[in-house]
Every structure is written in structure tokens, then in C-alpha cells.
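**Student:** Next come the chains, spelled out residue by residue.
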Amino acid sequence: MRHIQRFDAYHRVTHLVLMGSFLGLAATGLPLLFHDAGWAATIANLLGGLRVAGILHRLFAIVLILAFGAHVARLLRRLFVENDYGILWGPESMVPQPRDLKEMVAHFAWFFRRGPQPRFDHFTYWEKFDYWAVFWGMFIIGGSGLMLWFPAFFARIVPGWVFNIALMIHGEEALLAVAFIFTIHFFNGHLRPDKFPMDTVVFTGSLTEEEFKHERPEAYERLVREGRLDDLVVGPPPQRVLRAGRAVGTVAILLGLGIFSLILYAVMSHA
Amino acid sequence: MTNRHLLAGILGTAALVASAVHAAGGAPAPAPTNDDCLACHDDATLKREDGRPVSVAGKAFADSVHGPMACVDCHADLAHAEFPHPEKFAPVDCAACHGDAVAAYGKSVHADARKAGKLLAATCTDCHGVHDIRPSSDHESKTYPLNLPGTCGRCHGDPKIIKEADIKIGDIVTKYHDSIHGKVLEKSGLLVSAKCTNCHGNHEIRRKTDPLSRVFRANVPGTCGTCHGGILTLYASGIHGSRLAAGDPKVPVCSDCHTAHEITRTDLDRWKLDVLAECGTCHVQSLRTYRDTFHGQVTSLGFTRVASCSDCHGAHDILPKADPRSTVSDGRRAETCRKCHAGANASFAKYDPHADKRDRVRNPPLFWATRFMQLLLGGVFVFFGLHTSLWFQRLLVKDKPQPPAKAASKKEAE
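Protein sequence lines correspond, in order, to chains Z and E. Going by the working numbering, the first residue of the first sequence is number 1, and it counts up by one from there. Going by the working numbering, the first residue of the second sequence is number 1, and it counts up by one from there.
Everything labelled a hint here was simulated from the structure, so no lab data went into it. Some hints could be false.
[Stated by the list, open to error] List of simulated lysine-lysine pairs, DSSO-like, C-alpha gap at most 30 angstroms: (1) E:Lys183 with Z:Lys102; (2) Z:Lys195 with E:Lys398; (3) E:Lys398 with Z:Lys213; (4) Z:Lys128 with E:Lys398; (5) E:Lys175 with E:Lys187.
Small disclaimer: the values here were computed from a predicted structure and weren't measured.
Start from the sequences, fold in the hints, and give me the full structure.
**Tutor:** Written out as C-alpha cells, the structure is:
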């Protein structure tokens, strides 16, 4: 069986770094946001107290900011050094395009059995949403987080009441990100019945030709038409990579679902 | 036989002769001397018919503050009694000498209880002893500072007596023992530490509901201030103290924040966290909005490296924000922030440590930003919740298997 390369090493490493730092940020930050819940103090103490949790939170933030910076640098390089304008528009661009709206409408029609499954290309509309959600989140959470980290410095630029907003936004956006990733992204990317329990492509980088053809027929046919498919053919992923990917993915999903349950419990018991 | 014994023998004989003469109807007999009394009573096993002991330790009496006095100075009616004297005679009246103390005692809760027939309540001897009374400066005295908690605790630390006498506050000795005053007294041996009597008085102990009581609400600051004079001055200058002086009974006094019998060191984490709730009993709104801030979240989890009420507002000399002397007044707030946040400027101090995201008037930008975030979260989760559920049901309910011919024609149609 032929395997098709979808993600290169950079993508896979970036996803791993995002996963790790995101889970770390969630675990070290949520006790504060849900300080009313019984589990909050327990987790804070398990982490070694809020002082340690605070230091870890900032370390994870640095890792995430560095990964984000590396990504922006890579985009700039592709654009200005490699003159790869395909990232700005076209089938392999993350930029939302009219076809995304059409595919979304068609997807809903398919949900209601009112039409065929849309023929997706390299990126689907929900994948683009996930991508831009991280972009938006980086500015919103990262920006507000830095303000709260260095208030005396930022007070020279903005009035103090902005910190009130920064704290509120940091928490609300964190809640949005955490709840979104641990439910919607998990379902869309991994837990839905045709992927269950997970899609390993983001760990191994490749998927079978059959799966690729079925999942993204537009991309498959385009690659065949352009004669590029053969360049993307790789061998099956080594067993140890697959196993490691499954292990890491399982742990991350369980941790994420666990954290989401705690949030749900806190919200329910508070209401 | 020594001379002393000889003398005692002669005197003894003389006394016997004298009493014989008196019995025969002669001149009144001289009062019995202490030795006369102790000749019988200095016997630890001496009991009345009903079994109550009537022994007097001669040595203990001789060492007591009353040692130089004669037995009959207190047991006055025995001075002229016939011997062997009757079992019943007048009770000792301490007021004969200690008029002021007994008068003061007469106004006390203990005296009231006794008047009401509750004889469990303390009288002179319960606290001072009987024949072994020593001055309160004497280390052996029941009223020596180090012994006082134990003396009061004989009743106020005894579950049986507490129950029987219906003492509402319960076992106070254990609480006091663990308090800073108890530790300073009992562990560090500092006599100046507050003991029962410093706050409650000694003879004239009144109920806390009695306006004349030292521990009546409005009198508490003055009572604590007899030792903590510096704090009393600060308290009197603050909003709570000045309101109390103006007759407002709702303001906190010392014991509201510090408690009465369980006072702890104020640099302990436990206390710092507990006092937040204390301020919050009146300042409900402020505690609620504080909990929404980073400071409040951290303390809510039991950690204290952040500002709590007193860090910004002060403790005893709290002043309202409108007062320019207040630590949270517009003019001084940045300086207060700088206690923790080095480099905090006037702009920094525009941060609202009690911001209310639900208050459109107090914090308009925060209110609208919160609205925006709520819409964003609501929108995203409604849309993707729907999207995910629909997708899930579509994948879960498999298409019915169709006959091959029909499936083929359907594919053609697509």
C-alpha cells in the first residue's frame, strides 16, 4: 500500500510542541480560573503550589510563543525568500476562500442527507478555522498574558484598566481555546467515528493513498493531474513512530478530556 | 523535753484550767489560738459527720498571705464558742476586710448566678483558695498570672461544669491555650500577656451583653487598648473606630477580625486567608469582585503571595477612598501598588482591583469587552456544537445497504 506524505517534520514537531505547551498552559492556568471548584486547590498543590504553577505557566508560554514565532518566520521565508505565493491563495493556502463556504454549506447538506459528501482539497474549512483560531488566540491570550506578566512595563503604554480587560480576556479566551480543542478539534480531527480513536497522520506525517483519495479527492486528483503525486509517495511509517504517535496521542486526548470534564464539573456545580 | 515543749505544756495546762474556770461560770475564756485549732484540724483525714473534710494544712496556712492572722479573725463566731464547738457556724465574711473586692464581685455574673441559686458559680474561694491564699505576685498563687488560666479553667475548661452551668461559649481554656496570648503566657512565660482577667476584669466580671462589661462590644477596643495602646490610637483614627465612637454598633471591633480567645499571629497564612472572609461579612460586594481578580483567585486557592484586603486598605486605620490620607485614595494609590509592584505608576494604579464585569457604570470597557467575549464563546460553541453533533449522527447512522443496481445508478446520477 502506498503512503502519501501530508505533513513534513516541521509540521509534526510544531503540532507536538503546541500539544505539550497547550496542555501545560491549561493545567497550570485553569486552577486560577476555576478557583471555586474543589479540584482547583488540589491541582495547584499537585503542581507544587501556585508559585511553581506560575513559573511553569510562563515557561510553557515561552515555548508556545517561540513555536509561534518560528511559524511566522517560516511563513515570511516562504513568501519572501522562496516566493511561494501558494500560501496566500489557492488549494494549498490556509487563507479562507469562497470554496470553503461552498464546502461548508455542502457539508451541512450532507449531514442532513440532502447531498453528496463535499470533495475536499488540501485543507478543509474546519481545519482552516482551527489554524486561524490559534493565530487569533496567540495574539489575544499571548498579548493579554504578557500584559499581566509585565504590568509595570505595559502601564507605561496603556492605562491600568486595560489590565482588568486583559485578565478577563485571558481567562475567557483560554476557556474558549481549551474547550474548543478538547471537544471540537478532538472530534473533528480524531474522535469522529471514521477516525476513532485518532488520526495518526499528524504524528507519522503520512496516510495511505486509499484514505487520502477518499478524504481529499480534489487534492488527490489535482496532484495526479499535475504529476506531483509520485513525489509525495513514501513508505509506510516505521512501527515505532506509529506506536509513539498513538501513545502520545492517547495520553493527550485523555488528558484533554480529563481537563474538559473538570471544567464541565466546575461550570455545572457553579450554576 | 526542750524548753519549747515545756512551754507548750504549761500553756496548754493553763488553757485547760482557764476553760474549766469559764465552764464553772467565771470570766470569759480567751479565744482559741491557731495552735488550739490546729491541734485538731491539722489532720488530713479530719471529716464532718457527713464526710466533708474539715482539715486545715497548718503549714499551708502559715505560708499563706493570711498566715500572721488568727483563725478566729475570719471564723469570728468561734472566738467565744464553747469547745468542742458545734458543726455549724457563720460562714466566713471576706468583706470584713476586702470590702471593695466583695462589692465588685457582687456586680459580677458569678454573683448573679449564685443569687439565682446556681451555686456552681465561682465565689471568693473558688479562685483564691481557702486557707492557702497567697498574694497574686506569689508563684504558688492561684491568681499568679501563669496559673490564672488554669484557675478559671477549673470551671471554664471542664465539660461537665460547662454543661451543667450552661456556659454558652464552651471550653475556653483550650482555645486560649492555642491563641497567641496563651502561647506567650504559657510557653514564653511573659506575665504581661493577656490573661482572662485582663479582658474580663477580676472580681467584677460581667456578661458581654452588659454595657458596663469590659468585653461589651463598644468597650472592646478600649479593653484591648490597655495593652495595645498604639493600635487603639490607629483604630480610633480609622473609619471603623470613628464610626464606633459615633455610636455605630455595626462596625468591626478588635474581636471581629482577631476573635476573642483564638487570636493568632497576623503573619500566618491561615489568618491572612480567614480575615478576608471576615471583611467580606460586611463588604460582600468587595469580596465578590476581589475574587474575580488575580489577587482574589490566588488567595481563594489558599496561597498568600498576593494582596489581600489589608495590604491595600491598611488594617486598623482604614480610611475611605475619598479621604486623601487613605492608602487607596487617588493621590496615594500608586504608592500603595508599589509596595508589591516595583515601578507602578499612576497609570498602573488605574487598574481596578474590585472591577465588576457585570457593572456597566463602574467598568464600561470591561463590561462591553466581557459581552464581546461571551458572544464569541457562545457563537463558536453553538455553531461547532451543532456542526459536530450533526456530523456525528451522520457518521453514526450508516446508510441503509442499497441494491447494487440502485447504488450504481445513484452514483451515475451524482
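**Student:** CA of Lys398 of chain E to CA of Lys213 of chain Z, is that 30 angstroms or under?
**Tutor:** Roughly 21 angstroms between the alpha carbons, so the hint for Lys398 of chain E and Lys213 of chain Z holds.
**Student:** Does the alpha-carbon distance linking Lys175 of chain E and Lys187 of chain E stay inside the 30 angstroms limit?
**Tutor:** holds, 15 angstroms
**Student:** Assess, step by step, whether the Cα of Lys195 of chain Z is no farther than 30 angstroms from the Cα of Lys398 of chain E, and give holds or violated.
**Tutor:** holds, 15 angstroms
**Student:** Assess, step by step, whether the Cα of Lys128 of chain Z is no farther than 30 angstroms from the Cα of Lys398 of chain E, and give holds or violated.
**Tutor:** holds, 28 angstroms
**Student:** Quickly compare the C-alpha distance for Lys183 of chain E and Lys102 of chain Z to 30 angstroms and report which way the hint goes.
**Tutor:** violated, 77 angstroms
In this structure, only the earlier hint numbered 1 is contradicted, and the remaining ones agree with it.
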